[in-house]
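> Protein chains in written order, with the working numbering: chain A, 1 to 252; chain B, 1 to 323; chain C, 1 to 288.
Read the hints as simulated data drawn from the structure, not as lab findings.
Everything numeric in this text was worked out from a predicted model, so none of it was measured.
Even glycine gets a Cβ: it sits at the ideal position worked out from N, Cα and C.
Hints may be right or wrong, so weigh each one.
[To be verified] Covered by chain B, according to a simulated footprint, are these stretches of chain C (three or more residues, beta-carbon under 8 angstroms):
hint : stretch
1    : 80-92
2    : 99-106
3    : 222-236
4    : 249-263
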Amino acid sequence: MSILLSVQGVTKSFGGLQALSKVTFDLPEGQILGLIGPNGAGKTTLFNVVNGVYPPDEGRVIFRDQDVTDAKTYQHAKMGMARTHQIVQPLNELTVRENVEVGACFGRENQNLRHAAEIAEEVLEFLGLHNRIDQLAGSLNVAQKKRLEMARALAARPYLLLLDEVLAGLNPSEIANMVETVRKICEQGITIIMIEHVMHAVMNVSDRIIVLDYGEQIAEGTPAEIAVNEKVIEAYLGDPKLAQRLMEQDNK
Amino acid sequence: MKNLRIHLGLLAPLLVVTAMILWPIITGNVSSREIVFTILKAIALASSLNILLGYTGYVSFGHIVFYGFGGYVGLYFVNEQGWSIWLGMLVGGIAAGMLAFLLGKAILRLRGAYFALATIGINEAMKAFINNFELFGGPIGMTINFSVYRDYGGAAQALSMSFYIMAVLTFTALIASHLVRLSKFGLGLQAIRENEDAAEVMGVVAPNAKTWAYVLSAIIPGMVGVLFFFKNGNVEPHVAFPLHSSIELLVMVMLGGQGTVLGPVLGALAYQGMRGYLVTSNFFKDIQLSVSGVLLLLIVLFIPAGAIGWLRHRVPVLRRVLA
Amino acid sequence: MQQINLLLTSLPDGILLGFVYGLAAMGLTLIWGVMNVINLSHGPIIALGMFGTFFIFIRMGINPYIGLLFIAILGLIMGVFIYFVAVHRVINAPHLSSLLATFSVNMIIIGLGTAALTTSPYNVDFNVGSFRLGSTTILGTRLVAAVIAILFTGGLYIFLYRTRPGKFIRAVTNNRAAAELMGIPSTRILALSFGLGTMLAAVSGALIATFFPFNILSGGGYELKSFVIGVLGGLGNPIGALVGGLILGVLEGIIPAFMETSWVPVIEFGLFVVILLVRPQGIFGAKK
Numbered sequence: 001m002s003i004l005l006s007v008q009g010v011t012k013s014f015g016g017l018q019a020l021s022k023v024t025f026d027l028p029e030g031q032i033l034g035l036i037g038p039n040g041a042g043k044t045t046l047f048n049v050v051n052g053v054y055p056p057d058e059g060r061v062i063f064r065d066q067d068v069t070d071a072k073t074y075q076h077a078k079m080g081m082a083r084t085h086q087i088v089q090p091l092n093e094l095t096v097r098e099n100v101e102v103g104a105c106f107g108r109e110n111q112n113l114r115h116a117a118e119i120a121e122e123v124l125e126f127l128g129l130h131n132r133i134d135q136l137a138g139s140l141n142v143a144q145k146k147r148l149e150m151a152r153a154l155a156a157r158p159y160l161l162l163l164d165e166v167l168a169g170l171n172p173s174e175i176a177n178m179v180e181t182v183r184k185i186c187e188q189g190i191t192i193i194m195i196e197h198v199m200h201a202v203m204n205v206s207d208r209i210i211v212l213d214y215g216e217q218i219a220e221g222t223p224a225e226i227a228v229n230e231k232v233i234e235a236y237l238g239d240p241k242l243a244q245r246l247m248e249q250d251n252k
Numbered sequence: 001m002k003n004l005r006i007h008l009g010l011l012a013p014l015l016v017v018t019a020m021i022l023w024p025i026i027t028g029n030v031s032s033r034e035i036v037f038t039i040l041k042a043i044a045l046a047s048s049l050n051i052l053l054g055y056t057g058y059v060s061f062g063h064i065v066f067y068g069f070g071g072y073v074g075l076y077f078v079n080e081q082g083w084s085i086w087l088g089m090l091v092g093g094i095a096a097g098m099l100a101f102l103l104g105k106a107i108l109r110l111r112g113a114y115f116a117l118a119t120i121g122i123n124e125a126m127k128a129f130i131n132n133f134e135l136f137g138g139p140i141g142m143t144i145n146f147s148v149y150r151d152y153g154g155a156a157q158a159l160s161m162s163f164y165i166m167a168v169l170t171f172t173a174l175i176a177s178h179l180v181r182l183s184k185f186g187l188g189l190q191a192i193r194e195n196e197d198a199a200e201v202m203g204v205v206a207p208n209a210k211t212w213a214y215v216l217s218a219i220i221p222g223m224v225g226v227l228f229f230f231k232n233g234n235v236e237p238h239v240a241f242p243l244h245s246s247i248e249l250l251v252m253v254m255l256g257g258q259g260t261v262l263g264p265v266l267g268a269l270a271y272q273g274m275r276g277y278l279v280t281s282n283f284f285k286d287i288q289l290s291v292s293g294v295l296l297l298l299i300v301l302f303i304p305a306g307a308i309g310w311l312r313h314r315v316p317v318l319r320r321v322l323a
Numbered sequence: 001m002q003q004i005n006l007l008l009t010s011l012p013d014g015i016l017l018g019f020v021y022g023l024a025a026m027g028l029t030l031i032w033g034v035m036n037v038i039n040l041s042h043g044p045i046i047a048l049g050m051f052g053t054f055f056i057f058i059r060m061g062i063n064p065y066i067g068l069l070f071i072a073i074l075g076l077i078m079g080v081f082i083y084f085v086a087v088h089r090v091i092n093a094p095h096l097s098s099l100l101a102t103f104s105v106n107m108i109i110i111g112l113g114t115a116a117l118t119t120s121p122y123n124v125d126f127n128v129g130s131f132r133l134g135s136t137t138i139l140g141t142r143l144v145a146a147v148i149a150i151l152f153t154g155g156l157y158i159f160l161y162r163t164r165p166g167k168f169i170r171a172v173t174n175n176r177a178a179a180e181l182m183g184i185p186s187t188r189i190l191a192l193s194f195g196l197g198t199m200l201a202a203v204s205g206a207l208i209a210t211f212f213p214f215n216i217l218s219g220g221g222y223e224l225k226s227f228v229i230g231v232l233g234g235l236g237n238p239i240g241a242l243v244g245g246l247i248l249g250v251l252e253g254i255i256p257a258f259m260e261t262s263w264v265p266v267i268e269f270g271l272f273v274v275i276l277l278v279r280p281q282g283i284f285g286a287k288k
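Here chain A stands alone, though its shape is the one from the complex (with noise of 0.2 angstroms):
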């Protein structure tokens, strides 16, 4: 199983906030890695530098082999990577097959536009916005949209998938479905990152996950093992020994 991904002490700080410290991970080919963390501990910031928005203050970002720490976010595309945003970015006035053209043209594979009608074909029956095809972008609600985002980038044929809260603001059984779509994606090979706060899909779905809290990595681990580790309940709960304490108080 070879490294797909190598996340080595990334650092990032805006102003006086610190982002990201000392991040370092390495991510197996054909894994599914899960991101969690409380709002503000510095996920989107992580896929931000993976992908090249920004460069970090330190550390490096291996991907296939090759530092792209200092890369422009196209660079990333061309060479594999494709992600959506926490909060879409639909090309509005373009239709959701020029939208997903976009990806299959601009990604990985650099497809000519007749193939790109294809791949884009392909792809949107398989996220079910077939029927949607024609329309403009701009006129589908956030749920469609989300699922624009993920076909844009599927499109790129990507050896790696970088998802943003794909399965915020959706019903359970647009996540149920969601989940099994990520697990179908992982499937054809494709390796994945996801930043997700819906819990029980993510370790349902993740191979691996890693905690961040205030930009520090708190802790690393099988689904199992996170739903046990201390720090990451007091990072969701606050104390866990407060609870107990309390209870004690009580009792006097």
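Given the structure of chain A, go ahead and fit chains B and C onto it with the hints provided.
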């Protein structure tokens, strides 16, 4: 069949322009030929600007700099070096394209109003520079030797030839605009227009794509400049780089509908037609600029997508035809 | 030696003029700072200010410096009017819309102005004497104009920092959405800001008219200078505009000592583009 259908969008613009070209040819009227020349020139310039403005979403307020610069360079070679008008136009187009290439990498980093301001600055700097550039005649500019026209059978003959060249340039601009729109390159440009950061994340190499769009949108204006100054017989700095003409081009593109092939055609036709009417009308001629201003304001405030955009939203069936 | 003499004669004039340029640019940059709109009707407003001086002084015989008050008030009202008619609807639209909206106002004013006033030059022969500074003669009108420009700048600062509406303007500049959530009536504040920007343009025009001939098209050149100054000083930074104006004035004073005057605009606009590229936030930083 399918291959033909994707070119349907070019049909309406070509028909409109062909009809305009035939009008003076059939009537044999020289003054209507001059009117059509002016409209064709506006269509060619507006369609070129549309590649940058409509497809890529960058507002160039100083686009006329390519017309002026290309025109000056071309006319210099035609007039002072004895080159043919064909070579002169070629050189003018190349010069304008190269200027865009050099500028593009630098100023296309700027976004929104900053880019618009930079283009104004470049136009004004260029105008002031040419004003001091002795090789191009400084503030006096250049006047064509009448002997130049002799190669084309005299001045009258050269004027009529200019009309046909203008027609060819206009068709070229429209076909280029159409092909860009249908191409993968054009898809990338439209992605940049909608959301540049997202486009880059999807792999669109925005700095290069923008630069090439800028170059493409500069070449035909450069050639039109050479032709127009050749036909006019002279060129001066303030005739070559009029800032208000740049803005008129924006108005035309916006009037017809940005990002479409037909839009700039209709916009240019409507704008020039309206100006022609206002200038000659007894009632409006003194305040024609104000009337144009009021109309522009109404369009900006109430139908910002332009005529084509408005129609496409109202009548979705037309989306395929009104490309 | 000759160059130094030339420098000594043209530099003080350049500096005094620089304050007036700065005042004009302040109007442009205030509007940009508050609402991210580049006001392309800036030039014609300057020209209207010039004609204001002409009518008040030549036709009505009122001292132009007293007339400034009328011009300021009219400029304010006109700006508020332009804001509601042309700008308010496109305030959140893409830049092209607001640029073209203000340009249409430009066309309307120029069109009506040309019809009513023609484009032949006007002159306000106003004289408050002159004095010698070393080897140079300085016109009193220019000195007074510079002093008035400084007074207006000071007034603007007191307004922005000491009064309630001024503080509202700064709040809207900083973050319009947040200001609205705090209950600041943003529409009225935007209209007021546009009015103030227009007022400054009109006043600067009124001052320029006391020493230069002009016509309805004369504002265009000052509008372009205002762009240069605004970018020099940082778009949206009024004090930067004054300093930028001084820099431009000094440049215009110095350059003719070394090369032909016709090179001045080449250098000005070249500098403008370079600054946009290298330091788009301006020498002193944008919005404060």
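> Now look at each hint and say whether the structure bears it out.
We went through each hint and held it up to the structure:
For the stretch 80-92 of chain C, the stated coverage by chain B holds: 4 residues have a C-beta nearer than 8 angstroms to a C-beta of that chain, and at least 3 were required. Check result for the stretch 99-106 of chain C against chain B: holds, 7 residues qualifying (beta carbon to beta carbon below 8 angstroms, three or more required). Counting residues of the stretch 222-236 of chain C whose CB lies closer than 8 angstroms to any CB of chain B gives 4, which reaches the minimum of 3, so the coverage claim holds. Under a criterion of three residues with beta carbons nearer than 8 angstroms to beta carbons of chain B, the stated coverage of the stretch 249-263 of chain C is upheld, 3 such residues being counted.
Hint compliance for this structure: no hint is broken.
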